[in-house]
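Asker: One line per chain: the protein sequences are A and B, in this order.
The first sequence begins at 1 in my numbering and counts up by one.
The second sequence begins at 113 in my numbering and counts up by one.
Honestly, the hints are just simulated from the structure, not real lab data.
Among the hints, erroneous ones may be present.
Some chain B residues judged to face chain A by a derived CB distance under 7 angstroms, without partners named [said to hold, decoys possible]: (1) Phe151; (2) Pro152; (3) Lys154; (4) Gly155; (5) Leu158; (6) Tyr209; (7) Lys210; (8) Leu211; (9) Ala215.
These numbers come from a predicted model, not from an experiment.
All C-beta atoms, glycine included, are put in the ideal place defined by N, C-alpha and C.
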Amino acid sequence: KAGVTQTPRYLIKTRGQQVTLSCSPISGHRSVSWYQQTPGQGLQFLFEYFSETQRNKGNFPGRFSGRQFSNSRSEMNVSTLELGDSALYLCASSIGTGDEQYFGPGTRLTVT
Amino acid sequence: QQQVKQSPQSLIVQKGGISIINCAYENTAFDYFPWYQQFPGKGPALLIAIRPDVSEKKEGRFTISFNKSAKQFSLHIMDSQPGDSATYFCAAISNDYKLSFGAGTTVTVRA
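Bound-form chain A, shown alone (with noise of 0.2 angstroms):
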C-alpha cells in the first residue's frame, strides 16, 4: 500500500507571496493533519479535516488554510509568506479522526 504523499518537496518563495502544498492521504484513510516542524518550536499542529470538513483547528493564523476534496486528498496554502514560515510541512493521514497517523516526508518550505 502507498505512503502518504506530498508535493513538492522543496519550495523557495519570497516574502508576501502565498504557496499551495498537496497531500494525497494512504488509500482508504479519510482523515488529513497538517502540521509545521521548525527546529525552534518543533512540531506544531495546523488543521485537521475529514471528510472535506476542518474538525480540528492549531493556533496558528488566518494566513494560514487549508481544504480537503472529495477522494480524501489535501491542500494547504500559505498567504503573505513570512521569513518565519520557513519550515517542513508535513501531513499525516489516518482512517480517521483519533486514530494513528502515517506522515508522509513533508514539503520543505524556504522565504525568502
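The hints should help you fit chain B onto chain A, whose structure is shown.
Answerer: Showing chain B alone in chain A's frame:
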C-alpha cells in the same frame, strides 16, 4: 507552550546500551500516547503507542513505561543499535483528537 515536556534534548549511547527518553504532561484529557521516530529528511514514523490503562508495553527492543499518577511516560530502547540513531518524539492525543508533540530527543548510537 509545550503541552508535553520531553527530556533529554539529546543523548549518546554505546551500541548495545539502553536509551531512555522521558516525557511528562499536565493535561488529564490526554488519553493516547504514541512515540514517533524520525530520520533526517523523512517524516515521523509511528513506533509504539500506549493507553493510560496500561503501565507498560513492549514491542521488540522498544518499551513504553507509563505512570498515570505522576503523568509521566518513558521510552526505553534496549540493545541500542546504530540504526536506531534518529530523533524520537513523544506525543499525546486528547479526547478532542488534537495531537501534541514533545520537543524531540536526538539519539546517537556509537558503534
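Asker: The structure should be examined with respect to each hint, and the outcome stated for every one.
Answerer: Evaluation of the provided hints:
The criterion of a C-beta within 7 angstroms of any C-beta in chain A is not met by Phe151(B), whose closest approach is roughly 10 angstroms, and the hint is violated. A hinted interface residue such as Pro152(B) counts as satisfied when its beta carbon comes closer than 7 angstroms to some beta carbon of chain A; here the least separation is about 11 angstroms, so the hint is violated. At its closest, the beta carbon of Lys154(B) sits 6 angstroms from a beta carbon of chain A; the interface hint therefore holds under the 7 angstroms criterion. Hint status for Gly155(B) relative to chain A: holds, with the closest Cβ pair at about 3 angstroms, below 7 angstroms.
At about 6 angstroms, the closest approach between the beta carbon of Leu158(B) and any beta carbon in chain A falls short of 7 angstroms, and the interface hint on this residue holds. Given the 7 angstroms rule on beta carbons, the hint for Tyr209(B) holds: about 4 angstroms separates it from the nearest Cβ of chain A. Below 7 angstroms, beta-carbon pairs count as interface contacts, and Lys210(B) has one with chain A at about 5 angstroms; its hint therefore holds. Restraint check, Leu211(B) versus chain A: the minimum CB separation of about 6 angstroms is within 7 angstroms; hint holds.
This hint holds: Ala215(B) has a C-beta 5 angstroms from the nearest C-beta of chain A, less than the 7 angstroms allowed.
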